[in-house]
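Build the full structure now, drawing on both the sequences and the hints.
What follows is each chain in one-letter form.
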Amino acid sequence: MSSPSVGARRVAGPVPGILLAVALGWLALVIGAPLATVLAQALSKGVGAFLATFSEPDALAAIRLTLLVAAIAVPLNAAFGLAAAWSIAKFEFRGKTLLLTLIDLPLSLSPVVAGLVWVLLFGARGWFGPWLEGAGIKVIFAVPGIVLGTILVTVPLIARELIPLMAEQGADEELAAITLGAGGWTVFRRVTLPNVRWALLHGVLLCNARAMGEFGAVSVVSGHIRGLTETLPLHVEALYNDYDFVGAFAAATLLAGLAVVTLAAKTVLERAIR
Amino acid sequence: MTLTIDGVYKQFGRFPALTGVSLEVRDGEFLSLLGPSGSGKTTLLRVLAGLDKPDHGWVYLDGVDFLALSARERRIGLVFQQYALFRHMTAARNIAFGLEVRPRAARPSRTEIAARVEQLLALVQIEGLGARYPAQLSGGQRQRVAVARALAVEPRLLLLDEPFGALDTKVRKELRGELRRIHDATGVTTILVTHDQEEAMALADRVVLMNHGRIEQIGAPAELDAAPASPFVFTFLGETNRLPCEVAAGVARFEGFTAPVICPAHPADGRAVALFRPEDTRLDAGPKADGLPARVADIRGRGPVRSIACQVLGGQRLVAEVAEVAAERFEIGQRVHLTVRRVVLDTNGAGRRGASVEPATAPVRLTA
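In order, the protein sequences belong to chains A and B.
Just so we're on the same page, our numbering is the position in the first sequence counted from 1, plus 17.
Just so we're on the same page, our numbering is the position in the second sequence counted from 1, plus 481.
In short, the hints are calculated from the structure, not lab data.
Small disclaimer: the values here were computed from a predicted structure and weren't measured.
All C-beta atoms, glycine included, are put in the ideal place defined by N, C-alpha and C.
Check each hint, because a few of them may be wrong.
Claimed, not checked - Residues from chain A shown here face chain B by an in silico Cβ test under 8 Å; the list is partial:
#, residue
1, Glu190
2, Leu192
3, Thr196
4, Gly198
5, Thr203
6, Pro211
7, Asn212
8, Val285
9, Glu287
10, Ala289
Stated by the list, open to error - Lysine-lysine pairs mimicking DSSO-like chemistry, simulated, CA-CA at most 30 Å apart:
#, chain 1, residue 1, chain 2, residue 2
11, A, Lys113, B, Lys769
12, A, Lys62, A, Lys283
13, B, Lys534, A, Lys107
Unchecked claim - Here are some of the chain B residues that sit facing chain A, going by a computed Cβ distance under 10 Å:
#, residue
14, Ala530
15, Leu532
16, Arg555
17, Ile557
18, Gln562
19, Gln563
20, Arg568
21, Met570
22, Leu580
23, Val582
24, Leu640
25, Glu643
26, Gly646
27, Pro785
Pasting the structure below:
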């Protein structure tokens, strides 16, 4: 996370200006224009129509479900990320490389596949499908499936933030704390956690943004039942397919807003880390 | 307090780190574990600290089984090479940590802790730096904080693992003196692990010289100098020259001179390779002097001692250390005669330094 100004030099001539123009132009084209479109479309029928979208029961249900999924997936992945990073960074054990590879797997896995594996496992014709049906538990086309799909997609995000930092810090501080008489929990709370707190928060932010915005994996396992199994991204798609452009773009502004807030918080955090 | 280490074995995979180490540490003693890397000195320290469990053997502290206690329960002070200060805490909070984490019943009051921290800051001579974070302190200051933090819990044993390794020479020498002063002021039994023979010999009451997971010799620095137990001890503790000789009746015979053999105690007669120190090597410029004929090849050094490298007829280079005043009598190219005060025989080549094996990087392990 080195500052972009590091190593920058002032170069005379037109080259820097041209490069800057290209970079800014590209950003305006691929990020600025879409964002502006989202806002313009959302407000095309006035602020009233824009706000009215959010009083729709289905929209509220989608927002609630999105928050619920994030509220389950993010803490679970935070706990997993801490445990995985701790074990990888501070212990030697067999299968360490395998664990590292597995953590990275979702990054290279298509989200659709991440959804599909759960269907294969828990779907009506999946491995555990009949058993689950017998027990009266619904996973696929229900909230548990959505949570599972989201978790699978976001699992590397927090662990990846923590592993390099913890590995760099080593275990000496923990060892020192133990010899000074601290118990395991005290060591974690007073030494380990404070040392990684900014990286952890950073990871949580990224994980949260991805959890709330995930479309592919969730789409496969959701079943698209309005008001029940639609998260905000799915809701946007549904409204768009219904030609409700104001509604679709209004919901999209929420997601876009989330991205902006996440980015801002990330920038502030990165300053704090440095 | 007496610490008894009895027959301790420890193996990492196929690497034998400790092979039957027995040792008695006396109350209030300053002991140094000295040896090349891979000699087992750090493993022994980690066993004492409770960070590694030995495969075999016993450790008793005043007759109580020390190995049955966890690292947390042992009440030892441990100082790391890389300080291992809690980076998000000030120096004062670092020092207070061991007191603050005590169970409520045994925890001193806030004011007592604050007073103790001030006292310790003064002991390690960094008064006024208590509010600084580790990143705002120099290496030497950090290590002072680390020592104060370890002493805060009034440890039964202070263990230091290459504590000066990360410091530059000047700070290292200064801190060495400080550490000895702190030891003498607190009376805490101290075990220092180092690979630096000068450091061990300068600081410790007794030096434990280790090699290949075994103790080669235990003794006061002067004893190790005067009566090395093996060619390894002799070569590890200082520079050596090598020269072939003929041994007969405990005396090494060279071309032009003889010298007593101080190790082994009963040398076998016959051909051998002698090791001897530059400071035990004498040069004589007189034309009719006894000794091995040689030619001065180089004169180096500053301060009270000069190193004079000599070339003997066989082409070998031998170094003699000569007092500055005496060195003025010699010049490069001059013919001299070389004699030696005492020698150690290099039995089975064990005296060659660097023959030891580096351990596979010791795995980082938490034993809570």
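Quick rundown of the hints versus the structure:
For the restraint placing glutamate 190 (chain A) at the interface with chain B, the shortest Cβ-Cβ distance is roughly 5 Å, inside the 8 Å limit, so the hint holds. At a threshold of 8 Å, the smallest CB-CB gap from leucine 192 (chain A) to chain B is about 6 Å, leaving the interface hint in force. Hint status for threonine 196 (chain A): holds, given a least beta-carbon distance of 4 Å to chain B, under 8 Å. The restraint placing glycine 198 (chain A) at the interface with chain B holds, with a minimum CB-CB distance near 6 Å, inside the 8 Å limit.
Evaluation of the threonine 203 (chain A) hint against chain B yields a held restraint, the C-beta minimum of about 5 Å falling below 8 Å. With a cut of 8 Å, the hint placing proline 211 (chain A) at the interface with chain B holds, because the nearest CB-to-CB distance is about 5 Å. This hint holds: asparagine 212 (chain A) has a C-beta 6 Å from the nearest C-beta of chain B, less than the 8 Å allowed. A cut of 8 Å between beta carbons decides the hint on valine 285 (chain A): the least distance to chain B is about 19 Å, and the hint is violated.
Below 8 Å, beta-carbon pairs count as interface contacts, and glutamate 287 (chain A) has none with chain B, the closest being about 18 Å; its hint is therefore violated. The beta carbon of alanine 289 (chain A) is not positioned within 8 Å of any beta carbon in chain B (closest approach about 13 Å), and the interface hint is therefore violated. Between the alpha carbons of lysine 113 (chain A) and lysine 769 (chain B) the distance comes to roughly 73 Å, so the proposed pair goes past 30 Å and is violated. Restraint check for lysine 62 (chain A) and lysine 283 (chain A): the C-alpha separation of about 33 Å exceeds 30 Å, so the hint is violated.
Restraint check for lysine 534 (chain B) and lysine 107 (chain A): the C-alpha separation of about 18 Å stays at or below 30 Å, so the hint holds. The interface hint given for alanine 530 (chain B) is met, as the beta carbon of that residue sits about 6 Å from the closest beta carbon of chain A, less than 10 Å. A cut of 10 Å between beta carbons decides the hint on leucine 532 (chain B): the least distance to chain A is about 6 Å, and the hint holds. With a least beta-carbon distance of about 7 Å to chain A, the hint placing arginine 555 (chain B) at the interface is held under the 10 Å criterion.
Interface hint at isoleucine 557 (chain B): satisfied, since its Cβ lies 6 Å from the closest Cβ of chain A, which is below the 10 Å cut-off. Given hint, glutamine 562 (chain B) at the interface with chain A, holds; its Cβ is 9 Å from that chain's nearest Cβ, closer than 10 Å. Satisfaction of the interface hint for glutamine 563 (chain B) is found here, the shortest Cβ-Cβ separation to chain A being roughly 6 Å, below the 10 Å cut-off. Of the supplied interface hints, the one on arginine 568 (chain B) holds, with its beta-carbon coming within about 7 Å of a beta-carbon of chain A, less than 10 Å.
Residue-level restraint check for methionine 570 (chain B) holds (minimum Cβ-Cβ distance to chain A is 8 Å; threshold 10 Å). Nearest Cβ of chain A to the Cβ of leucine 580 (chain B): about 9 Å, under the 10 Å cut. The hint holds. Residue-level restraint check for valine 582 (chain B) holds (minimum Cβ-Cβ distance to chain A is 4 Å; threshold 10 Å). Using the Cβ-Cβ criterion of 10 Å, the hint placing leucine 640 (chain B) at the interface with chain A is satisfied: the shortest such distance is roughly 8 Å.
For the restraint placing glutamate 643 (chain B) at the interface with chain A, the shortest Cβ-Cβ distance is roughly 12 Å, beyond the 10 Å limit, so the hint is violated. The restraint placing glycine 646 (chain B) at the interface with chain A is violated, with a minimum CB-CB distance near 13 Å, outside the 10 Å limit. The closest approach between the C-beta of proline 785 (chain B) and any C-beta of chain A is roughly 41 Å, which is over the 10 Å cut-off, so the hint fails.
Comparing the model with each earlier hint shows violations of hints 8, 9, 10, 11, 12, 25, 26, 27; every other hint is respected.
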